[in-house]
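Start from chain A and add chains B and C according to the hints.
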Amino acid sequence: MAESKHEEDEKANQAYAALGIGIICIIIGVPLWWKTTEVYRVQLPYNDISDLSQIPLVYLTDIEVISLDKKLDSNLVQISQQLQEDLSRKRGEEVTPIYRVTVRESVGDEQSIFNKYDNKDLSNIDKLLSELSPLQRNKYLIFLIPSNNGKLNVFIGKYYNSFVSSNGKLDKIIPLISKTVQMTIVKEQSVVKSIFNAKGARSLKPDKESMRSVRYNTGYDLTFTLTVPQPDIFDVSWNIREAVDTYLKPLVDHLKEFTQLKINSQIHYFTTLQRKPQKDEKLNEYYFLEQDLPHLINPIESTLGTSASNNPELNFIVYIPTRDQSPLYIKDKNGVKVPTNSFLSPRWGGVMIFNVPEFNESTPLPFPVKVEGKNIMEVFLTQIRLLLNLNSPTSSHEVWFDPVEVNGISNMEIDVWLRNRCFENLATSINTLQSLAQLLGQISNIVIKDDIGSQVEAAVREIKSSLKYLSTGNLVDAFHSSKRAIIASEKAFFDPSLLELLYFPEDQKFAIYIPLFLPISIPLITAMMHAIKWFKGTKKPKTD
Amino acid sequence: MGVLSDPKQRQKIIKAVTKYNKLLCVILYLGGVFGFLALAFEPFHAGTYFSENALLPGLVENEFRLDSEARSYNEELHKEIKKSDKTLPKDWMFKQFQNLGLDTYYHNFSLHYPFGMPRDKAIPGQNIYSILRAKRASSTEAVVMSVPLRHPGVMPNEQTSGGIAVMLALAKHFRKQTYWAKDIVFVLTEFDEIGMQAWLDGYHQTKSDYIISEDLPGRSGPIQAAINLEIPGEAVTSYNIKLEGLNGQLPNLDLCNLVVRLCRKERAKVTLNKQVDSYERESWDSYKQSVTTMMYMMWNQASGTPTGNHGLFHRYHIEALTIQGTQEEKPYKTLGVEQTSRLVEGIFRSLNNLLERFHQSFFFYILPSTRGYISIGLYMPPFGAMIAACLIKISLFQAIALWISRYEEEEEDKETEDKQSDDESQKVTDAVSGIVSIIPVIAISMLMASLAYTGPKLLTNVSHPFRLRPEDSLMFGLLALFCASVAFPKMFNKKKPDHAVLHLDWKLLKCIALIVQSLTLFSIALMNISLAFFIGVAMVPVTTLIVPTTSRSLLLLLLVSPASLVFISSIIAAWLDQHNDISQLLYMTWGNMKHCIFMKLLDLYLFGNWTYTVMSFVIFPCWLLFWAIPNCNTDIDV
Amino acid sequence: MYYLQEKIGEFFKSGHTNNWAVLVDTSRFWFNYRHVANVLSIYRSVKRLGIPDSHIILMVADDMACNPRNPRPATVFNNVNQHINVYGDDVEVDYRGYEVTVENFIRVLTGRLPPSTPRSKRLLSDERSNILVYMTGHGGDGFLKFQDAEEVSNVELADAFEQMWQKRRYHELFFMVDTCQAQSMFQKFYSPNILAVASSHVGEDSLSHHVDPALGVYVIDRYTFYALEFLEKAKPGSKKTMGKFLKVCPKHQCISTVAVRTDLFNRNPDQVLLTDFFGSVRNVEILSHSVLLPNITSKSSHCR
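Chains as they are written, first to last, in UniProt numbering: chain A, 1 to 544; chain B, 1 to 638; chain C, 1 to 304.
Isolated chain A (complex conformation) (with noise of 0.2 Å):
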């Protein structure tokens, strides 16, 4: 009687034990280890991230047409409306343009210049006209000159101006004005091929122009390097320095508030091209074929040099063929001399050959050689340009261009190249802010710390507050808002401290905490499944 009472209470204690540390175990221990076990993370605005895809791409421009045509002086209201409709139809494009259009006659001033000027001399005219009116971004005024042979042609200016030839016939004349400007002036193909390729997605057909060009990028490192690989034969110099305040500092000036273009020069001694050009036996002279010309570049870049800073670099090489393989040509595929004499290649640079002019056997050594500024700085403008993706235009006999000459650019290829580099800034800070939410969700061990969440809300910050300016057309404010959105979302995206915390990697996680967790937890849970038994046991007499 006594032996079981005695049991009882011993099995009564051990219950009570065993369900008193389970329980303090379950309350206590669970949730002190996932909070001491917790990775820090900031909350990031991953609702507003997957919504910025949702936001229609649109900008808006500002169409200006005055018309110097009498005959059309009763249709202004027609053309404006039917330019309105055709330049509104859908294109089924990821991004809207929208069009403002305002047709309008001449004033005064403008008519006194096109009477004292020939319409011939549509630059000048250009020029006095964009005196008139202070010039405005995204502003774009299309003047309707009467054509006196009946042919239908377009001149582009310098400056906001675009000059229409009409004849009086308006089904002919709205589409080429339509025409001009989706084409030409705004190059809506351009906005859209900018965001597909900021997007990443490859066509199957490759792309020159986005192969070719450097991404948007706050600062460019332009080098220009003369090469000279017998400085004993041939004393080579040049005034790069005033070449480039000539003829490239406008360009950089123009672009100044947009990106900085910093410009370096050097000469390299005793580096050669180091690949055998072939010889043309009738002239006594060198060429290279253009498939002989990718493996030029590797030996001379490996002696460049790089730049201290983390900007794109674009190097310009100049140089001077040996004695022995003067003069050195470059030859196209069908075999005709490059006028140029240059090539450049995609991202990185270009090259151009400078022959010396002809010198007799007895003149002494060395030979003093001056390279021509503007000889060079043609072509290496052109190659800039092209790497930069300033699209530059050709003229055709429709469509002529004035050309930009020392300034350049042109203002409205400015216009162009910030529309195009604003979608782009924006398309890749979307995709990146959407790959960063989309690794922080599916890696849930990196810690997030306090200054990249704020990066990433300004990011979104500023990509909403860009979109608002384009769809206002303001194309400055649109484009500085792109660039501080994509600075903070690749700072974000490429912030050093996103490193994967692989201490415990998911699945083995289970090998950390069993030695530690299960041979107190078996004990545990048999002497607590005993106590809940035995409980049950206890209360089954009690209820009978």
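Hints were generated in silico from the structure; no laboratory data involved. Just so it is clear, the structure is predicted and the values come from calculations on it, not from any experiment. Do not take every clue at face value.
If we take Cβ atoms under 8 Å as the criterion, some of the chain C residues that face chain B in the derived model are [unchecked claim]:
| no. | residue |
| --- | --- |
| 1 | W30 |
| 2 | A65 |
| 3 | P68 |
| 4 | N70 |
| 5 | A74 |
| 6 | L215 |
| 7 | Y226 |
From the three backbone atoms N, C-alpha and C, an ideal C-beta is built for every residue, glycine too.
Just chains B and C now, kept in the frame of chain A:
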């Protein structure tokens, strides 16, 4: 009472153990001993392999081409030694090293003899050593090549002049090479181990009590490995590897494997304890050979004395071994100094590849042959089984004690309170008397032990006035102590009329003694398995099965006393030395016993060999505890 | 006055405009000489076929040439006949010694380097870059050992490549690994446009090729030895295909089985040029016409 588990389960196990007690003990003991010995059988243990990947043994080709130089060094040295038959030509050796352009130094030390006549007289000694600095490394590590200088009058097979010639030839060759990452230190020691200890003391700036060494004039970095050479001047037929060090420490197994592999590359015969590996693997003969090799190694290890100069390095965590050249009667192939030089060159090239100290392979092992090893993981379980026999016995008494206490608890519940108090008080007095009765035994055994440990100093102090040799006085004094301690239990049997009878609770005493014995044997086994094994094999069966009744147990216990163990080991040593005649055997045994105790004490003082300490301070009191058991009164229930 | 349209050349058809190489040797200590010889041999081949130093990130975990144990100081040979010193005059090691860690390797791949890192230590690739990643060292099932102290797991590597893909840091990637159980390293890849080859299957060991008895070490691994044989025969304008390269070192030569993964690669390896990954054939565009500028002179002197 268990909180999370049920105590009833435990009771069942204890009851089972109690029932089959004796049987279990015997099975465990025999199983342990035979299991241990069976490990020598080739399929039961693993083959040797290289753990340290950095060694790359034998991969690089030998570049030693100075064969003629080695031979000429050997001949010149032989001539120089012949010039005097008392001293060695140290100056000649010094000059040879110096001529090679190495940093050569003399190292002076003096030995203060711990016993013996003039205490203040110091015996001077001199080592020679020279350092070859690595050309492209910064002296951060070193490897040592050492040769003990032996007196010209020793037996021809104990000569080491060949080793000196090898050293000189190699120094000349090594000096020209650029691929050394460690410095190489060449050491020639006088008085064998004493000189080595002096040099090591000077190098590591430690101090010994009786060896006074001056500071080393030149030094290198921490030593990673050391090779000791004992090669005689004449051609040898095989290389014997000696591994055992002070207190039974062994070098890393990789070092031994390295030497074996390189000997094979040279096609030289290599032996362990002068035992050759058998050719077959799984036959009875091969097993006998393996067991013999194993026993020789354990015998050497158990004594705790280093078998060569290498044994002193182990204390500083430097792996070292000795390569001894042995000559057989009928040489099949002879190996001259050239071959030895190539062998040592290969060893040093491999040691050069090391980046860290040896740490990968085993430090505790037994070698039954050069191609197999028994690791600690293999030999501990049989040894543990052997000792477990003691522990099972303990459980018997523990069980009984528990059982008794449990019964008493239940009785408490049943009876009334008055009875409880009576019983309690009675049991209390009994229990108290049980423990109290044991304490005097323990006290006396500790007293005897401390006398045995500190006695020798006193004994040797008085040896000189009595014109006795120190060995003799030690021997007789310790024998006297032993007889005194054998007699002490008689004290307990005296009954004083007015005191209560001293009931010696022999069960409790046996429990305590068995616990002490197991503890000590396990502790010794961690360091020196052989010593623990031999003591265990002898003592465990007797001490476990001792009961206070028969006189047969008295005799058996006497047979495993420390004194008789020393006697038995001396007989075995004499028998190993091939003295088969009985009277000569006994005479040699007596000499061996004296020598053994004397040398052990000397080792204790000079090098810190704790075999004597263990025997006198640990085994002896333990045995005394057991000795009390058969001698006590057996009035109480068994 | 005129601008003319440039013609699209045929060089643009491969889709990539520049090449990068990330060559990693992860093991140190003298007895791992062969790993350093491996990576330096691949470095030499890749440079010979045209990739410039500025586009190569070379990580070598230990200095074999100046190791005091080297009987031929300042050289590293990959062959017992010691013809080629792969540690020649113009070896540019970007990450050396203890800088070769898992963290630095992942940082280089994902671009998450601290702002003060110099250009030569960054992988500045873009979405038109083809990248060659070569790794050698000691490995196991699912990991590769770095410096005897840490490991990179195949999951980590796959995640790093995925991050590269998300940020458009490569156009196509060729992954070569020569370690034991190397196949496990690419089993977890899930990003597109990756072609991978490993020197052994899971459960197999990659073996070294031969010993140089004068040095006393193994000087090269089998797979890299036969791969190098193949690469040495290629010239900068070579038309050899990746398909042939993937068949290098069959079982009777390598003893381990070479494993290849092509399911993530959308081109047929038999139509991919070897130089798409190992060389650097740049695209070029001839400039037919240029801007015309007026002649503005000044009196300042010319600089030399």
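Here is how each hint holds up against the structure:
1. W30: This hint holds: W30 of chain C lies near chain B, its Cβ roughly 6 Å from the closest one there, short of 8 Å.
2. A65: violated, 12 Å
3. P68: holds, 4 Å
4. N70: Hint holds; N70 of chain C Cβ to chain B Cβ min 7 Å, cut 8 Å.
5. A74: violated, 11 Å
6. L215: holds, 7 Å
7. Y226: violated, 22 Å
Hints 2, 5, 7 from the list above are not met by this structure, while the remaining hints are.
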